[in-house]
Amino acid sequence: MMRKSLIVAKTDFKNALDLRFVKMGLIMSVAFGPVMVILMFVSLTALIPPSEMAFAMLFLRPMVPSIIGIFAIIPTTMISANALVGEREQNTLEPLLCTPLTDRELLLGKTLAGAIPSLIILVASTIISVVGVAVLTVVMGFPMVIALDLPGVFLLATSVPLMIFAVVAVMIIISGRVTRVYEAYQMTSIIILIFIIPMIMPLLGIETGVPNEAVWFSNITTLIIVAMVFVIGWALALKLFNRDKLVSMV
Amino acid sequence: MNEITIFGLTKNFGELVAVDHMDLNIPGGTIFGLLGPNGAGKSTTTRLLSTLLQPTDGTARVSEFDIIQEPVRVREITGVLPEESNRTVYPGMTAYENLEYFARLYDVPEEEIPARIEELLTFMDLWDRKDDKAGELSTGNRQRVALCRAILHRPTVLLLDEPTSSLDPLAAKRVRELILELSKKYKQTFLINSHNLPEVQRVCNRIAIIDEGKVLLQGKTQELRSQLLSKQKFRIRIVGDIEKASSIAKSMNFVEAVKEEVDSILVTIEDPTENNSSLMQNMLSQGIKIVEFAEEEATLEDLYLEVVKGGIQK
Ligand SMILES: Nc1ncnc2c1ncn2[C@@H]1O[C@H](COP(=O)(O)OP(=O)(O)O)[C@@H](O)[C@H]1O
Ligand SMILES: [Mg+2]
Chain A
1 MMRKSLIVAK TDFKNALDLR FVKMGLIMSV AFGPVMVILM FVSLTALIPP SEMAFAMLFL
61 RPMVPSIIGI FAIIPTTMIS ANALVGEREQ NTLEPLLCTP LTDRELLLGK TLAGAIPSLI
121 ILVASTIISV VGVAVLTVVM GFPMVIALDL PGVFLLATSV PLMIFAVVAV MIIISGRVTR
181 VYEAYQMTSI IILIFIIPMI MPLLGIETGV PNEAVWFSNI TTLIIVAMVF VIGWALALKL
241 FNRDKLVSMV
Chain B
1 MNEITIFGLT KNFGELVAVD HMDLNIPGGT IFGLLGPNGA GKSTTTRLLS TLLQPTDGTA
61 RVSEFDIIQE PVRVREITGV LPEESNRTVY PGMTAYENLE YFARLYDVPE EEIPARIEEL
121 LTFMDLWDRK DDKAGELSTG NRQRVALCRA ILHRPTVLLL DEPTSSLDPL AAKRVRELIL
181 ELSKKYKQTF LINSHNLPEV QRVCNRIAII DEGKVLLQGK TQELRSQLLS KQKFRIRIVG
241 DIEKASSIAK SMNFVEAVKE EVDSILVTIE DPTENNSSLM QNMLSQGIKI VEFAEEEATL
301 EDLYLEVVKG GIQK
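Here the protein sequences line up with chains A and B, keeping their order.
Counting with this note's numbering, you get residues 1 to 250 for the letters of the first sequence.
Counting with this note's numbering, you get residues 1 to 314 for the letters of the second sequence.
Since the hints were derived computationally from the structure, they do not count as laboratory data.
Be aware that a few hints might be false.
[Said to hold, decoys possible] Restraint ranges, calculated between C-beta atoms of paired labels, are given here:
id	chain 1	residue 1	chain 2	residue 2	range
1	A	K14	B	E296	51 to 61 Å
2	A	K14	B	P169	57 to 67 Å
3	B	D132	A	K23	16 to 26 Å
4	B	T139	A	T158	45 to 55 Å
5	B	T139	A	L203	52 to 62 Å
6	B	N205	A	M249	34 to 44 Å
7	A	M249	B	D66	36 to 46 Å
8	B	E64	A	M249	27 to 37 Å
These numbers were taken from a predicted model, which means no experiment stands behind them.
Each residue gets a CB set at the ideal place from its N, CA and C atoms; glycine is no exception.
Looking at chain B on its own, in the form it has when it is part of the complex (with noise of 0.2 Å):
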């Protein structure tokens, strides 16, 4: 069952075309990345799907509710983070009213909110800031009152729009771990906008690829990690010259492209098991110590890389 559906998504602003005809299907209980450059059209997807923006044309579903038809309904189930969100909550109320407030717009049992907001505050290590005004606390707490604000009233579908921009890494690494450990107890279905492709590589079981508005590339992670870069790229660590490594495997036809690192250098090769053997052996013949010579995982950047400069087509 798909908990979001895309269907000609289309907005206009002006004679800027932000989202164009687009259509996904994100299934329910996924942790769904939207990848792309700046400006692909992400927010306005995430704005489009939480009622905030009138589509031009096409329209989606969150769960069995149309965005067009019932707002009110989409977004009682719907938890939104949104862009630049550290800068969304009201900065003279407390961490705690600030969830107060928001509980109950989103109609959280009054009787619950104290447990739940000692629970989330808690969990976010926020608990003893509770009565900081959000305006002075850092960026990155504010950040996380907000991502409270957006659970508090558990949400079926998480529109996150960049969750971990402006937090450190040690904050980001806890956000990741919160997505995971909500999405394996509640099961809800997010859908995480992103250009950090270490981080979605690592939350996101599915992924879109998308600029200029349109979806360039969808499908799961893994496969489209592994089907779709189809030259294979190796790590060869050495001692000594690097350049002098670099050149020698850059005078080999069957090597596509190289690149080189501190103390490695990465080249993507045509055919490795008929290759791989001579680049070494060229390599050793001329007094290159090689320490180490393994496979490259093929990284989300990669494909990142491939498929938005190429401009592969869906």
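Looking at chain A on its own, in the form it has when it is part of the complex (with noise of 0.2 Å):
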């Protein structure tokens, strides 16, 4: 099963590599997230007095895993909706549908073909950015920071992958119902804004100098919302696709 998955996830990846717009958002994708992270650490240091950085740091690492998170969940909304909804877009889906594949290595496929370059976007973009301001600045001559605090760790390590896997079951889900890629890429990257609330939602208790407690409480509300997404979409996804609903659509 996962051989041919694996066949199917090369090829989705390759042809969705030919267009440039997946290129360029592909290449913005693996830049974007750690180029942020940087400068913002880098122009914070830099600018604040450093008696004030402790205060500073408890605002700006919440910002850290959802930046990063965002950028990598990208790379899978924009190849899964061209591996499925493109794909008939384009008239190749029908010939693939005529093989022996079975929906489930049909899917896992589809599947893979987003997600891996996703997680492996992820997790290089972690250790570019934490690498990246850890030696910046100390070249700068102030005392190494680091980017991340386990709470970030525990987002980058559980809602990120599951968000990867959630966006394709909503994929799935929508592929039977939009015609045109772009419709089906804007659908999803939607839901991606889930990630803005371990961003923002810290920041409510900013006078009282944002608690650990208060990143945990988000960050785990965010998991929650994510794993919700997750179940469900895979759930109905699973029980939605129809090779039939995806033919007869014109």
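Put the two chains together into one complex; each comes in its own frame, and the hints tell you how they fit.
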């Protein structure tokens, strides 16, 4: 099962890269996360007196996992929109559905096409961001700054990967209803906004100094929401996925 | 033994009945032509047989596998050339990559893949284009890649939906030769959708004419041609006034129909053994020079027009 799904995933990924907007989107996702995080930290470190740095860190750190997470999820949205809706729009879906692939093999392939690149980008941009901030602050002659804290690592290790897979489920549900790639892309992009929660929510308590509990609370809330999207999404996707519907949609 | 058996197969799209309680048996090894006007339900039938669509009612068996119960088995032994197949290849992948991808999905043993692709692309005169992106190939060449894709895994049943529709006459001829060659070599069963009647007549040994999702007529091509056309048609080639010749023919009460062509008229004559000579005499006496007076072979087109227009029910 896995072997054929990987063949599908690889081909879908390569075909997606052939589209300029996907290629650009991917390059931007890889670059933007770390660049934003590094710029934020380095500029603040340079501008703020060292005595206030600890306070600034309190609201700066919760933003890091959200930024990295959002940019890591975008490639999945683009690649799976192309692999599901795009193939139908392009007329290449019909021969694919004529092959002996089972529904599960097909869906796994379409899932991995976006999920594998996204997971790689997630790990890479986390490492680049943390190392980049640490090295640059030291090079600039300040005490080393670690951009991620434990709640951040928690969010990146749970909610973000779960969301990467949840997005594909939503895409599968949508694929039986929309005919254009950009529509599918826009619709799924909206759910990424869930990651505004861990970015904004801790700031509500800014005057009290953003207690660590507020960060944990918002990250766990995010995880619960993402987990619900994941579970409901996949339950519906597996139930609603239907070759007949995909083929007979005009 | 029937290789494809269709039992009461029905497909509705909302209110529209695209395939209507169709029953059809296709014996193993035949090249079966499914004929019918646009919208008759040919492509829907193919999509039902290739398990892409779910029947609303009824079912079908491909080889020993039921299309509802064992769709994966059906897909394994079936090769499909979809409608407008030239648009179904991945434009960003080369001809070779397109075929390699599908060879793997159809479980062709990895070590056999290169040789098979080379054999097929060579046969289709495409080997020197193997590294061209499919999107840069001509319509006809893309269609040939799609045809290679359909036969790559040596399916025992081939469902070809208008296989020569976008090909030039030479390429179309090549495809017909390929079908006959494959059939001879591997004895697969072909179901070919078409409305190109001369082509079907040349390639298919059995046909069914369908309209509005129903089978109007089916049988062996030869028998249908000779048996169903009761009236005989003759071609009278003349030198001179076609219109005059035509009006003479029309004035005879045993002449059923007259069609004028550039250098001849086509007449349908009742009881030709009795009547041909009097038509000939009449024309000669009025100064028409007859160059040829010959029986015109009944074509599938005649039959088709009679069935689809006249609405003969089976
Ligand atoms: N996905 C679909 N949704 C709605 N109607 C369809 C669909 N596919 C085919 N039809 C209708 O079903 C009928 C048969 O179509 P089709 O099988 O494509 O005919 P053919 O291939 O003989 O030209 C037509 O009236 C067509 O409009
Ligand atoms: Mg058709």
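ask   = Of the numbered hints stated previously, which ones are contradicted by the structure, given in increasing order?
value = Violated hints (numbers, rising): 2 and 7; every other hint is consistent with the structure.
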